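Mind docking these for me? Both chains are given alone in their own frames, and the hints should help you get the complex.
Protein chains in written order, with our numbering: chain A, 970 to 1300; chain B, 9 to 262.
In case anyone wonders, no lab produced these hints; they're calculated from the structure. If you're wondering where the values come from, they're calculated on a predicted model, not measured in any experiment. Ideal Cβ positions, reconstructed from N, Cα and C, are used throughout, including at glycine. Just to be clear, a hint being listed does not mean it is correct.
[Unchecked claim] Interface residues of chain B toward chain A, partial, derived using beta-carbon atoms under 10 Å:
(1) ILE58
(2) ALA60
(3) HIS61
(4) GLY62
(5) GLY63
(6) GLY137
(7) ALA147
(8) ASP149
(9) LEU150
(10) LEU259
(11) LEU262
[Said to hold, decoys possible] EDC-like, lysine to aspartate or glutamate: derived pairs with alpha carbons at most 20 Å apart:
(12) LYS1251/A / GLU254/B
(13) LYS1080/A / GLU111/B
(14) LYS226/B / GLU1110/A
(15) LYS1080/A / ASP247/B
(16) LYS226/B / GLU1089/A
(17) LYS1166/A / GLU99/B
(18) LYS1080/A / GLU254/B
(19) LYS1150/A / ASP221/B
(20) LYS1114/A / GLU1089/A
(21) LYS157/B / ASP1066/A
(22) LYS1150/A / ASP149/B
(23) LYS1291/A / GLU254/B
(24) LYS230/B / GLU1110/A
(25) LYS1114/A / GLU99/B
(26) LYS1278/A / ASP247/B
(27) LYS1251/A / ASP221/B
(28) LYS157/B / GLU1161/A
Given next are the chains, with one letter for each unit.
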Amino acid sequence: MVLAFIEHVAGAPTMLSLEVLTMANRLAGEMGTQLEAIAIGPNAAAATGILSSYGVSTLHVADDGRLADYAPAAWAHAIAELVREVDPDVVIGTASDRGGEVMAHVATRMKLPMAANCTEIAPGDPFTVIRQRWGGSLLEEAHLKGTIKLLTLAPHALTAAASPSRTEVTTHAFSPALDDKDFRVRLQPQVEVDTGKISLAQARVVVGGGRGVGSAEGFAALEELAGLLGGAVGCSRAVTSLGWRPHSDQVGQTGTRIAPDLYIACGISGAIQHMVGCRAAKHILAINTDAGAPIVAQADYAVIGDVQKVLAAVNAEVRRVKAGEPSRSPA
Amino acid sequence: MNVLVCVKRVPATAGQITLTADAQDIDTRYLGFTISPHEECAVEEAVRMIEAHGGSTTVLTLGPEAATDQLRDAMALGIERAILLQSDGREWDPVATASAIVEAIEAEGAAGRSYDLVLFGNESADSAGYQVGVRVADALDLPCATGIKAIELSDGRATVRRQTESGWESAELALPAVVTVKEGLNLPRYPSLPGRLKAKKKEVERITPQWRDGGLEKVRLKLPVQAEHTVEILGKNGDAGAQLVEVFQRLRLL
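Only chain B is shown next, with the shape it has when bound in the complex (with noise of 0.2 Å):
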């Protein structure tokens, strides 16, 4: 069982997001960087796999330099090899960022390297394209599920399940495939002490892709309008009983 993980380098971001002052970037001076969430938990399900079947598993992200802390983080979890395609600070749109991760594959393939299972997040917390898993499998001619939060493996099937409105929904592959997975598929452990020094030696192959325009442009970014707004305090720890109270009345809950 052989399993490729995609993951994508997104600031922490926390309270509020202020931009740079072109408008093209979040300003990220102060900020952290993390894999995006719903990929946690595909780097925790490859490893989980991997213990479960035996096989390898290899994480790849689409990034600067500066993404290998990623890579590493994926490492410190249980990934044994790490592939940064190594970008230029250029914006990546989807078209874009699927085609290099599609030649990526195939560069793998033919040097023996294949994959039984590709894995992505749903969408990137960060510029949430919702279709980069999707353009690889249909590239690569592979059957794909997307927004999946459950994964079973026998017989060289997946069963998966997605959530809905109502319930569940699953369906069935046939490997290799293509899976885009949601937060809440597992709990993603931390890392152990020994797992990130053992990450901090470990080799980062790279390959430089070739950008190209895929069709959408980011022209700038901006901030949604906040309503103006007040907030009525109502007490301070055991004297705000009764005023709650009056709240929920007011608004006919009791």
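So here's chain A without its partners, still in its complex pose (with noise of 0.2 Å):
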């Protein structure tokens, strides 16, 4: 049997759970055995109209009001309870942060070693994954031994599908004997204050300045592009060690992952720890007075220049277009 971890918003799974469930599917038709799920927290019931799509049998549910929270230990003790009764081959969940946490929390309790980031699956003995190293810059093929398989699957690693036939899925709870002890840690939510920015992994248009951009001022014209796209300002790794920018204005391995239409890349290299956290963007726009640097031979577009005479003329060019007047033709 297949276990798969899913994590919820009141019995709606998350996108990254989805293609969990996509990926466990076809796993458990590979493998000629069942597909089941576990899903903690409130409402965690009301899953199973969707899980019904997706091939799943059973839908465990662990009934314990303390699991209401997010408990990273006590999840991982639940999903270790029921991983010992109902003896799955196979557990996956996402490589969220909680997903990640609560497989690993699992892993020590079960005795087992897990692979994390992994982009397939080919069971059979021995049993084999693709994980994504350097933040998918690099791919790892490895075995995975132990007698129950424990892997989180890589975001986006596959595009999440419904099946077109439906499952009877039969919902089992069960109250896992919890000790005080897996509550030492807590997450709570944190009531946050509406800025009113549009945040870097959401916007259309992201306009990233590197070292090229020349100084902290410099950022001033990505801004008044971002403002007139109305897009976010993002920037380098270097930018964030030169103490430019703040690291919430971070994209890549160690930052934020941006997933817009377009990003404008300003005197940024294109280092590969970079372009993991812009894999995502439809199209790449670079400015950069080096016509061999890397980030231009992975653009769409390319401007070959300083940064700012290139921002002066197309901001004055975007201005002008806002306001109404004609484009001037290009030359």
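See the structure below:
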């Protein structure tokens, strides 16, 4: 049996969990076995409606009011207890912050290895996975041992797809024997003040700046373009290290992953750690003095030149067009 | 307040990764090495904690002899003591790495050196197992928080915060505890020249842990397939304004 650990909001599985279900359903088919799921937290049982379109036969719901809060060790305790009871062949979760953390706790409780951020799974002996290193800039083929295979699925390794046929989902509520110790760490959401700023992760346009912007003040031109296009400003790790911008603006492996329609990369060389952060951009426009910079080779459009000169001209042109004046025809 | 920081030596990759002929490793002949980015912030945080609250700091790594460079980098920033868990060049998977660190922490405890806080990076930049800190915490029966971007200490407790898609969430941990951190926790300082000179002279304690098969076996590395792709050069310096506006209009951004 394949067991999928589902994250959800009031019974609606997250996008990454739908991807996990899609992979798990495919895997169960290849292994000739059934797919079951576990969901924890308020209204978990409401997930059955959606799970029926992903080949799930049983939804296990941990029944303990204390699990309403996110307590990683307690959630892992519940999953480990279920795993001991139902003895699955594979347990698969998302590689989200929560998914990865809970699965790691499950792994120690079960004394099993775990493979994080898998993109492909080939069941059999040996049980082979492809997993991401370097934020996805490098892949590793690995053999995963252990009597039960524990793994997390890398985000967007596949597209979530409901199956045309629906299954009958049985709900199985169980009460794990939780220990007070499991609740030593509970994460509580903090109330946020809405700043009205467009978030980097959600922006349709991101204007990113690297060392080539020249200075912290040099970002004024990027701010202006982002403002004109209704986008957000991002930056490279070099810029954060220089103290020009806060880390919350950083795009990359150790910063934010962005997925805009257009990423305008200004004075950014395109180190692999940066590129994994903007891989999901639909289009990339590079503005760089060096036509040989790695970012130019990976861009759809490029302007070769100094960031400040290029942006001064572009901003003036965009302002003109927005004011209803005709754009000057290309030379 | 005694803080232990666990770091990893990783290659400082830049434009592209090249693999060795046997596809077992990154070709590092032309690369420098650094402390994995999240852990650079862990080192900085440990130094700040001791500056604010007093106590001692120790840095630990599992790696080859050359990883003493990274231990000295950490000492140049203000960490006092360094421990190298000397590896034999083999791949140490998360289970093997965590057991070696757990044994080292237990040996420290037996020698009368206990830690109030053990800091890790959320994941290493290279192998990215996303689990060593959790495994160490569970093995030592310590509370654990991961992916942390802010830590405040008071009265034997740590208040930690982590970023979510929609904001922040926070937790309180009684010390001793394990916390894995992410870049953005702080802005690490640059080492001073006197700091570097002092670190150079410091001793690195060495332990040789036993390698074990942790159950995740690397077979080979491979580079992801890059889609064929051409770039359209729109112009130079100030002459590209109109072409760019056309692109923005085509993408319906204007």
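Going through the hints against the structure:
1. ILE58: Cβ of ILE58/B sits 23 Å from chain A, so the hint is violated.
2. ALA60: violated, 21 Å
3. HIS61: violated, 21 Å
4. GLY62: Violated. Min distance 26 Å.
5. GLY63: violated, 23 Å
6. GLY137: The hint holds - GLY137/B has a Cβ within 10 Å of chain A, the shortest such distance being about 6 Å.
7. ALA147: holds, 7 Å
8. ASP149: holds, 8 Å
9. LEU150: Hint holds; LEU150/B Cβ to chain A Cβ min 9 Å, cut 10 Å.
10. LEU259: holds, 5 Å
11. LEU262: holds, 6 Å
12. LYS1251/A / GLU254/B: Answer holds: LYS1251/A to GLU254/B is near 17 Å, not above 20 Å.
13. LYS1080/A / GLU111/B: Answer holds: LYS1080/A to GLU111/B is near 16 Å, not above 20 Å.
14. LYS226/B / GLU1110/A: Judged against 20 Å, a Cα distance of about 6 Å means the pair holds.
15. LYS1080/A / ASP247/B: violated, 63 Å
16. LYS226/B / GLU1089/A: holds, 15 Å
17. LYS1166/A / GLU99/B: violated, 44 Å
18. LYS1080/A / GLU254/B: violated, 58 Å
19. LYS1150/A / ASP221/B: violated, 30 Å
20. LYS1114/A / GLU1089/A: holds, 16 Å
21. LYS157/B / ASP1066/A: holds, 13 Å
22. LYS1150/A / ASP149/B: holds, 9 Å
23. LYS1291/A / GLU254/B: holds, 13 Å
24. LYS230/B / GLU1110/A: holds, 8 Å
25. LYS1114/A / GLU99/B: holds, 15 Å
26. LYS1278/A / ASP247/B: holds, 9 Å
27. LYS1251/A / ASP221/B: With a Cα-Cα distance of about 42 Å, the restraint between LYS1251/A and ASP221/B is violated, given a limit of 20 Å.
28. LYS157/B / GLU1161/A: holds, 16 Å
Consistency with the previously given hints fails for numbers 1, 2, 3, 4, 5, 15, 17, 18, 19, 27, ordered from lowest to highest.
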